[in-house]
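A.B. asks: These are the residues of each chain, in order.
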Amino acid sequence: MLDKAKDAVIDREFKLVGSRPVRPDGVDKVTGRARFGADISAPGMLVGKVLRSPHAHARIHSIDIHAALQVPGVKAVVTRDDFAENAKHKDVLCNVMARDKALYEGHAVAAVAATSAAAARKALKLIKIDYDILPHVTDVDEAMRDDAPLLHDDMITSGVDPAPEKPSNVARRFEFGHGDVDDGFAKADVVIEREFKTEAAHQAYIEPHACLASLTEDGHGELFCCTQGHYAVRDICASLCGLEVSKLRVTASEIGGGFGGKTTVFLEPLALVLSRKTGRPVKMVMSRDEVFRASGPTASTSSSIKIGATRDGRITAGQGEFRYQGGAFTGSPVQFGAMCAFACYALDNVKTVGYDVVTNRPKQAAYRAPGAPMAAFAVESVIEELAVKLGIDPIEFRLKNAAQEGDKSSYGPTFPRIGLIETLEAAKAHEHYSAPLGPNQGRGVASGYWFNFGGATSVSLNIHPDGTVALVVGTPDIGGSRASMTLMAAEELGIPYDKVNCIVADTASLGLNETSHGSRVTFASGLATIEAARNAKTEMCARAAMIWEISEEAVTWEDGHAKPAGANAGDFEPMSLADIAKIAEKTGGPISGHFEKNPAGAGASFATHIVDVEVDPETGRVEVKRFTAVQDAGKAIHPSYVEGQFQGGAVQGVGWALNEEYVYGPDGKMQNAGFLDYRVPVCSDLPMIDTVIVEVPNPGHPYGVRGVGETGIVPPMAAVANALSAAAGVRMTELPMSPPKVLRAIDDTRPSIAAE
Amino acid sequence: MSQIHVSTTINGDPAEFLCEPDETLLDVLRDRLGLTGSKEGCGSGDCGACSVTVDDRLVCSCLMLGAEADGRDIGTIEGLAEGEHLHPLQRKFLDHAALQCGVCTPGFLVAAKALLDHNPDPSETEVRYWLAGNLCRCTGYDKIVRAVLDTAAEMKGA
Chain A
1 MLDKAKDAVI
11 DREFKLVGSR
21 PVRPDGVDKV
31 TGRARFGADI
41 SAPGMLVGKV
51 LRSPHAHARI
61 HSIDIHAALQ
71 VPGVKAVVTR
81 DDFAENAKHK
91 DVLCNVMARD
101 KALYEGHAVA
111 AVAATSAAAA
121 RKALKLIKID
131 YDILPHVTDV
141 DEAMRDDAPL
151 LHDDMITSGV
161 DPAPEKPSNV
171 ARRFEFGHGD
181 VDDGFAKADV
191 VIEREFKTEA
201 AHQAYIEPHA
211 CLASLTEDGH
221 GELFCCTQGH
231 YAVRDICASL
241 CGLEVSKLRV
251 TASEIGGGFG
261 GKTTVFLEPL
271 ALVLSRKTGR
281 PVKMVMSRDE
291 VFRASGPTAS
301 TSSSIKIGAT
311 RDGRITAGQG
321 EFRYQGGAFT
331 GSPVQFGAMC
341 AFACYALDNV
351 KTVGYDVVTN
361 RPKQAAYRAP
371 GAPMAAFAVE
381 SVIEELAVKL
391 GIDPIEFRLK
401 NAAQEGDKSS
411 YGPTFPRIGL
421 IETLEAAKAH
431 EHYSAPLGPN
441 QGRGVASGYW
451 FNFGGATSVS
461 LNIHPDGTVA
471 LVVGTPDIGG
481 SRASMTLMAA
491 EELGIPYDKV
501 NCIVADTASL
511 GLNETSHGSR
521 VTFASGLATI
531 EAARNAKTEM
541 CARAAMIWEI
551 SEEAVTWEDG
561 HAKPAGANAG
571 DFEPMSLADI
581 AKIAEKTGGP
591 ISGHFEKNPA
601 GAGASFATHI
611 VDVEVDPETG
621 RVEVKRFTAV
631 QDAGKAIHPS
641 YVEGQFQGGA
651 VQGVGWALNE
661 EYVYGPDGKM
671 QNAGFLDYRV
681 PVCSDLPMID
691 TVIVEVPNPG
701 HPYGVRGVGE
711 TGIVPPMAAV
721 ANALSAAAGV
731 RMTELPMSPP
741 KVLRAIDDTR
751 PSIAAE
Chain B
757 MSQIHVSTTI
767 NGDPAEFLCE
777 PDETLLDVLR
787 DRLGLTGSKE
797 GCGSGDCGAC
807 SVTVDDRLVC
817 SCLMLGAEAD
827 GRDIGTIEGL
837 AEGEHLHPLQ
847 RKFLDHAALQ
857 CGVCTPGFLV
867 AAKALLDHNP
877 DPSETEVRYW
887 LAGNLCRCTG
897 YDKIVRAVLD
907 TAAEMKGA
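From first to last, the protein sequence lines stand for chains A and B. So the first sequence is numbered by this note's numbering: it starts at 1 and just counts up by one. So the second sequence is numbered by this note's numbering: it starts at 757 and just counts up by one.
Keep in mind that a hint or two might mislead.
[What the hints assert, rightly or not] A few chain A residues that face chain B, going by a derived Cβ cut-off under 10 Å, partial list only:
| id | residue |
| --- | --- |
| 1 | Ser287 |
| 2 | Val651 |
| 3 | Val654 |
| 4 | Leu686 |
Because the hints were derived from the structure by calculation, they are not lab data. Each residue gets a CB set at the ideal place from its N, CA and C atoms; glycine is no exception.
Please work from the sequences and hints to get the whole structure.
C.D. replies: Right, here's the structure in full:
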């Protein structure tokens, strides 16, 4: 029989896993055939557009849609009156369509469906809204002050005992840690304290949000949209629109980037309600301006870090206070920030406190390792500064304090097998770490951590009569996951890669799947794929046993064939998957395998990055000259796409470090809502991004997989700051480290002209 | 406002359409002609996802009016492969895993083809500056640059 004990033996030889075949959706994507969110149309389709608040904070007295409805071609207008109160998704509803107040510039206040985009745009201009403009706040520290404008009159900080009597903009307080930090600092020879700030960065996926909705009067709905989680879209939309979950079928289009930003709804409920009201399909697509003003971004933050160490390089205590604003609603990722901040280190005394703050900014959405990069920027900057002060090599200093299996993590649980030390050792041994540097150049290092996640997962695997296999998963493919799933199915079944065809099913065709987030897909859908393949193998062995008239236990599966388990089982010619599939109709009917569970044991992934920068002392411009990303993948199923995750995360981190920020004017309006002014890294900004895949198998996955998608964005900002410090002798504590800020810092270190 | 009648050539084939005077070439391609391979990432010429060639010149189709296509020769991603034979750039993008989500890929391929048409033997720096008008948020550009350089090497050897 199938030997499940093999799970424990992860150093097995793989035939396909670890190879680099062309992805199954590849040809569609290089020929322009792949259908993304905005690429689908329907007969009789209307165009939907959204009217958004021009004010950062305003009470909405009245909305007059009369004139808009008179525009030829306009079929419907929806406002807050078209959505019933919803206790379960109160904030999501309020974000999708403003209720009594517009809480940020860009907040949706009405939506129109018309026969043309021109008619819809004309109608938007004719909607009259009577606003009472209110004072606003967009900075996290200002929002926490007693005299700050209040966003929600009923927001009483949770997690504080006794509960505050007055409302504030602080939604929640978190605390993590163990030991006694005061005691720890008393034992330290050196203590460094620093304050940090980071600006909001947008996920900046190239594909704006888009959907096509069709909803009939009797509550049957179809929705095609670009999302990381079509099941979550279904459940939220069904709730907001008053539909039965089983009657709303959501199909995930190909998705043009998400990075966490496509894990919720924005347009989808509006399109569904407009469709119901007009009796016609409605397509809605955001402009880039809307993407910036009304979706994403991540939180902006401020934090205070204090770390102490002994002369021989042992950290005695780490303490951090993290203040994250997550836009107009509760839910900033400060909890994750506070949990991840010191996760790389085995500390006797550690304490982190987090404050989740609301401001008049768009509701933050998850962004790759949500909350962790900002905390790592702060902590890893101080770690580097300590190492320099103590005269210890920064990697050695990290190695002396690195967390490993059996250590109590800074946020509570005890670590199982993890690979931080392996990434540090690999970074130290890498040729990059000892390569010579040129003038005005410096080298920085930082490490990072992300939990990773399992979650509800369903997979179906069908064996076809021609010996091919349909693999049906429910996790939208955001970076090549169909290739990894196909590899795992083919590996497990012992058949060629091209005999397996993997698709992402719609919500009506497969059981529940949690969203493609938390670096969970290759881990959870991968585990589910392997288990589904094992189910199918068990059934195929049973069919062979039936044909051979021996017991099922006497049949084993090897190299794509059912075989007698040993000499005693009998002498039968092995039957291939195709042999068994061909006659399945006669041996009991169709053969398939399934998996429906919540896999635990996702297995955390650690990374260590090395970066060289060159600083222009005349302009403050920082150029990344060399980058090496070292990360633990557990087991790289398709190494090219694992490298791609490392590289993409690294470059997003470089953008966040050097360029990207939400710029607000005193009016609370975003001043750079376009790719010209919100500058993500372009090709000419960068060198090649070297990668080292470390493989410390995750005991929670049959092949040892750890998710790799998110950790890669955690170290870069601190690594760049540390390199900049080495290059120019300035310690930057605010992101982005844009040329004006760097130049100012450099100028501050120069003797003033008057003094000369 | 009456619509404008336009006669043009798209991917070598004659094409005619009516469009509004203020309608972009990108909207015409996507909404009137069903050529949805060109993507709108920004609508302001900053991301390059809508890259096409106009008389062999690389253009953001979101910055050009549909009416301006009259009498021109337009090349889109849909015209890159010849029948069932992928263009070498398309093959190399697949071999190098030079795409993750794939939404920027059509624009990169059209832009990279225009580069190799102009300069069959580009340096890494030349590739990076030529493609600086195309945004990719997934890959960090590493594998894209490698795929383009590898294509140039292969085509040169052929």
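A.B. asks: Does the CB of Leu686/A sit less than 10 Å away from some CB of chain B?
C.D. replies: 6 Å, holds
A.B. asks: Interface hint check: Val654/A, Cβ to nearest Cβ on chain B, cutoff 10 Å. Holds or violated?
C.D. replies: 8 Å, holds
A.B. asks: Closer than 10 Å between Cβ atoms is the bar; does Val651/A clear it against chain B? Give me holds or violated.
C.D. replies: Given a least distance of 3 Å, the restraint on Val651/A holds.
A.B. asks: A closest beta-carbon separation below 10 Å is what the hint needs, so does Ser287/A meet it against chain B?
C.D. replies: Because about 6 Å separates Ser287/A from the closest Cβ in chain B, which is inside the 10 Å limit, the hint holds.
When held up to the earlier numbered hints, the structure conflicts with none and fits them all.
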